[in-house]
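2 protein chains.
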Amino acid sequence: MIRIGILGVGTVGTAVAQILAANADIIEARAGKRIVATHGVVQNLARDRGVDLILSDNPADVVDNPGIDIVVELMGGVEEPYALVKRALKNGKAVVTANKALLAYHRYELQALAGDLPLMYEASVAGGIPVIGALRTGLAANHIESIRGIMNGTSNYMLTKMIAEGVSYDAVLREAQELGYAEADPTFDVGGFDAAHKLLILASIAYGIDAKPEDILIEGIEHITPTDVEFASEFGYAIKLLGIAKRNEDGVELRVHPAMVSQREMIAKVDGVMNAVSVVGDRVGETMFYGPGAGGDATASAVIADIIEIVRGNTGPMLGYKKGLESGLKLLPAEAIVSQYYLKLKVIDRPGVLAAVTSTLGEASISIASMLQKPSRIKDHVRLLFTTHACEEKALRAAIAQLKTLEVVDEAITMMRIEG
Amino acid sequence: MIRIGILGVGTVGTAVAQILAANADIIEARAGKRIVATHGVVQNLARDRGVDLILSDNPADVVDNPGIDIVVELMGGVEEPYALVKRALKNGKAVVTANKALLAYHRYELQALAGDLPLMYEASVAGGIPVIGALRTGLAANHIESIRGIMNGTSNYMLTKMIAEGVSYDAVLREAQELGYAEADPTFDVGGFDAAHKLLILASIAYGIDAKPEDILIEGIEHITPTDVEFASEFGYAIKLLGIAKRNEDGVELRVHPAMVSQREMIAKVDGVMNAVSVVGDRVGETMFYGPGAGGDATASAVIADIIEIVRGNTGPMLGYKKGLESGLKLLPAEAIVSQYYLKLKVIDRPGVLAAVTSTLGEASISIASMLQKPSRIKDHVRLLFTTHACEEKALRAAIAQLKTLEVVDEAITMMRIEG
Chain H
69 MIRIGILGVG TVGTAVAQIL AANADIIEAR AGKRIVATHG VVQNLARDRG
119 VDLILSDNPA DVVDNPGIDI VVELMGGVEE PYALVKRALK NGKAVVTANK
169 ALLAYHRYEL QALAGDLPLM YEASVAGGIP VIGALRTGLA ANHIESIRGI
219 MNGTSNYMLT KMIAEGVSYD AVLREAQELG YAEADPTFDV GGFDAAHKLL
269 ILASIAYGID AKPEDILIEG IEHITPTDVE FASEFGYAIK LLGIAKRNED
319 GVELRVHPAM VSQREMIAKV DGVMNAVSVV GDRVGETMFY GPGAGGDATA
369 SAVIADIIEI VRGNTGPMLG YKKGLESGLK LLPAEAIVSQ YYLKLKVIDR
419 PGVLAAVTST LGEASISIAS MLQKPSRIKD HVRLLFTTHA CEEKALRAAI
469 AQLKTLEVVD EAITMMRIEG
Chain S
69 MIRIGILGVG TVGTAVAQIL AANADIIEAR AGKRIVATHG VVQNLARDRG
119 VDLILSDNPA DVVDNPGIDI VVELMGGVEE PYALVKRALK NGKAVVTANK
169 ALLAYHRYEL QALAGDLPLM YEASVAGGIP VIGALRTGLA ANHIESIRGI
219 MNGTSNYMLT KMIAEGVSYD AVLREAQELG YAEADPTFDV GGFDAAHKLL
269 ILASIAYGID AKPEDILIEG IEHITPTDVE FASEFGYAIK LLGIAKRNED
319 GVELRVHPAM VSQREMIAKV DGVMNAVSVV GDRVGETMFY GPGAGGDATA
369 SAVIADIIEI VRGNTGPMLG YKKGLESGLK LLPAEAIVSQ YYLKLKVIDR
419 PGVLAAVTST LGEASISIAS MLQKPSRIKD HVRLLFTTHA CEEKALRAAI
469 AQLKTLEVVD EAITMMRIEG
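Residue numbers (our numbering), protein chains in the order written: chain H, 69 to 488; chain S, 69 to 488.
Check the hints yourself; a few may be wrong.
Given that identical chains are not distinguished, each listed pair holds provided it fits within a single copy or across any two copies.
[Said to hold, decoys possible] Below, in silico cross-link-like pairs of lysine to any residue (SDA-like), each with a Cα-Cα straight-line distance of 25 Å or less:
(1) LYS229 x PRO254
(2) LYS101 x ARG380
(3) LYS337 x GLY488
(4) LYS462 x GLU403
These aren't lab readings, by the way, just hints derived from the structure by calculation. Note that this is a predicted model, so its numbers are computed, not measured.
Please take these sequences and the hints and turn them into a complete structure.
Here's what the structure looks like:
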């Protein structure tokens, strides 16, 4: 029998204990051994969790307990779980964690500490979708060309609503908060930080890149307006908050931002709270992994998948590599991103303005792919909406700075990247 | 160093050898050891394969070769590869196969023969998509409620064209044959047999069901007409050739047939030659795995993923279970299928006919969900198109037999199942 101790018995921890009991038949048949959650560590011992665990408010009762074989870390936070996971590994225990923040900051230290001990984390990215397993194993023959993930259900729910119903960001945020899809302070979700943690984990497996959240470009969905949505729909795009990892000759781009994606692409068809990760390998081409990115049962499904792999004796290298990293790859700075862009300008409605704007873009070597003029709510103004051909972000930023110096152009220029 | 011998150096075998060489850097980094394809067995030694292998026309040079660690079987056929895989296992070699027909007939014998030796087969279902890995590992905490797969690219390409362009089955088949997407004799693909082999493999991992192709319902796409396509589009359905495994209280339904699927479902959005498998687990909910289902490089990507797992020392039980099967599950007969249905009748255009048809359905306890009357090309006839609420297939078949006895109804009644 394999004994599991759970650090943090909240929604996911409770689901792990419940599923291990309720699906014990099939889990034992698949793992080859009986697996039982026996101990749990909580902050508040007074609250009933409705599960059959020996509860304690002292983590040592799990991480130092010789009767526990596998420690499941579901506490959240960074430094406290880091210390406890280290202690569990030092005590020779296998560890399963769903903690994306812990991994976004300490995955390489943890890989070194774990050595040959299993440290698994399928649940840390995209909840119940086994995308870590796919990257570590199923696609391991490939150089990964790109990863594009919808990895935050809150943002995707909000963007789906904004597109389907033309409602404003503020209105849909209120609705999402009422439905419990968004937190009172939604910054972590809508600002792209949650997706960034997940992207960093995937990028390690794909490329061996050791970046931290503060090293990469992170933009949220807060400034998207119905005008942007309307333009995207007219030109055949959906708007998605994407975590993107992309390899080119010079290195790897890592970035999280809202993007316009052709409605023909599978990832553009992923609606509501669902998550999906598209992975392009140099040999396999495009694959996509779709499913629920959150929820107690879905996340617990991934935690238990890791437990079963550990019990079977399977692990493989934590971050996908047994030795070394993919050779010569470095993280590219945000200015080196190459993308197509969407630009929204408010300009004074006067002869020669369009010529001034387009010649400014031309001088900055920005080539226009499509253009749309729309009336503005402000008197004597119009909106100019452009898409560009692919260019370096550095050139585009310079062009925007130049446009802002034009007397006829309002300073509030909106830019959004276009993916594929 | 790990040495690979390949039985059958065609498109996939050549790709396996080429990728092992071209991506050797990343494969070694991920597997922890150098992996080299050294030997190949072919029928025609005269043809140049463009790969650096010691070629032979005698399989013994691979399966009995003490220098070979892993045998990759890519021959096709059933009994000849079965004999060679058995011999390789007896010689203590690990085996990777992409041969769905071999597994459709002999997977349980092979599991028993393999014992603790790895026998892996990711490439046998849905080409480059790591769906076997997902079922064996990522979703292992779940009782599987259903699997619905688009697992034949030829059929999906043809159905996509028929829907997008309103062209007939015969016209699109000719086009698919010219493009090389369909064989001169397309029966294996369009008749559902290829998908059935793959479904049986997935159903073993999900349920431990030991069925053969001849035990299950298999229907092809040959009889779908532009009228069916038009009706489907009007009512918000796509038409897909699905392999379906579904658990209910009494057992497991296994079936391959064209089905109408709501356009809102992710699997309905999978177009062209692409494959996708939707898996619903009792805890995780719906997940979907999308990608290329065929092609040398994509299939080789899956073969090499298996090789890397073997080299890492990971395998797990071949068919997902370390002991026993899911308890008490049996294969349900086709008559016990429960589904919604689409019915297309040609009837004489005369008062009272609709009443006669609907009362016949009512007497058979078939409840109508929607109805559409369309003109027929035949004088004095009209087409009646129905969808039903869910009922047992047995009841529907009885109702169709009864309808055929009505003087006013043409004998050629079309039925299609509606999924979701």
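> For which of the previously enumerated hints does the structure constitute a violation, in increasing order of number?
Replying inline: Going through the list in order, the structure violates no hint and respects every one.
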